[in-house]
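A.B. asks: Line order of the protein sequences matches chains A and B.
Residues 1 to 58, numbered by our numbering, are exactly what the first sequence covers, in order.
Residues 1 to 187, numbered by our numbering, are exactly what the second sequence covers, in order.
For the record, the hints were derived by calculation from the structure and aren't laboratory data.
Computed list of chain A residues with no C-beta within reach of chain B, every gap over 10 Å:
#1 Leu10
#2 Tyr11
#3 Trp42
#4 Glu43
#5 Pro45
#6 Lys49
#7 Pro50
#8 Asp52
#9 Glu53
#10 Ala57
#11 Ala58
Straight-line C-alpha distance at most 16 Å; calculated EDC-like pairs for lysine to aspartate or glutamate:
#12 B:Lys123 with A:Asp31
#13 A:Lys6 with A:Asp37
#14 B:Lys72 with A:Asp33
#15 B:Lys51 with B:Asp81
#16 B:Lys72 with A:Asp37
#17 B:Lys72 with B:Asp87
#18 A:Lys41 with A:Glu17
#19 A:Lys6 with A:Asp18
#20 B:Lys72 with A:Asp31
#21 B:Lys123 with B:Asp87
#22 A:Lys6 with A:Asp52
#23 A:Lys49 with A:Asp37
Keep in mind the model is a prediction, meaning the values are calculated, not measured.
Glycine included, every Cβ here is placed at the ideal spot set by N, Cα and C.
Each chain, letter by letter, is given below.
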Amino acid sequence: MNLYEKLIALYPSLTDEDFHPTRGTITLQNDSDGKGDYIAKWEHPTLPKPTDEQLGAA
Amino acid sequence: MSQINIAGDTSGSIAVVAPLVAGSNTITLPASTGTVLTSVSPASDLPSSIKGPTFRASKNSTQSISTSTWTKIQFNVEDWDTNSNYDNATNYRFTPTVAGYYQVDMQIEFNNVSGNYLCSIYKNGSAYITSSFYAGSTGGSTPSAHALIYMNGSTDYIEGYGYTTVTSQSVYNGTATYFNAALVRGA
Numbered sequence: 001m002n003l004y005e006k007l008i009a010l011y012p013s014l015t016d017e018d019f020h021p022t023r024g025t026i027t028l029q030n031d032s033d034g035k036g037d038y039i040a041k042w043e044h045p046t047l048p049k050p051t052d053e054q055l056g057a058a
Numbered sequence: 001m002s003q004i005n006i007a008g009d010t011s012g013s014i015a016v017v018a019p020l021v022a023g024s025n026t027i028t029l030p031a032s033t034g035t036v037l038t039s040v041s042p043a044s045d046l047p048s049s050i051k052g053p054t055f056r057a058s059k060n061s062t063q064s065i066s067t068s069t070w071t072k073i074q075f076n077v078e079d080w081d082t083n084s085n086y087d088n089a090t091n092y093r094f095t096p097t098v099a100g101y102y103q104v105d106m107q108i109e110f111n112n113v114s115g116n117y118l119c120s121i122y123k124n125g126s127a128y129i130t131s132s133f134y135a136g137s138t139g140g141s142t143p144s145a146h147a148l149i150y151m152n153g154s155t156d157y158i159e160g161y162g163y164t165t166v167t168s169q170s171v172y173n174g175t176a177t178y179f180n181a182a183l184v185r186g187a
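Chain A on its own, in the form it takes in the complex (with noise of 0.2 Å):
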């Protein structure tokens, strides 16, 4: 499961829209350094930036 799927399965609620790839509130990225997918960006209005707990979990 990727960062993404991490996330939608956290917060089900989220849409195309936040991760929109110029405008979202979200912004995914990996650098292709080894160290795998993360949030470069977290905006949402009502939502609060998971921790690593919770990804972890999810």
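With chain A fixed as given, assemble chain B onto it according to the hints.
C.D. replies: Frame of chain A; chain B shown alone:
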């Protein structure tokens, strides 16, 4: 037509010839050491602000992309890199050592599945220009981005990123996937 003949050190001579022109004309040489270039001077004699740098990179393998995640494309094959300014092994970034304006082009080919496909040229870690492409079920899926970008010649760098809303997608290697830049004007 008038001319000045300068004798060579050992033999021969160089003639500086003035064409037939009306009025008085002046050629002013700079007060510095340098080389006068001619129309047949080799490219190696040209100043760096004119001749370089430029690179072109591609891929020799596919690369998987997570859904809705901007992912740096690993352009790991150098077709050329005239000034050794492109890193094709670790950071996959171009950090030119000559300040100026660079024409930058990027294109990536995804698998042919209906969905949104994007590519973006990042400058210093942030999206600088982004191109979006929607592919139908039988359409192609090769977003491309093009930009004229100022680079300071020391710390500025550019990278190429890809994005798709489709699950289990990959960027293909091949002639439809490339990243290149060339200096078009010095600072």
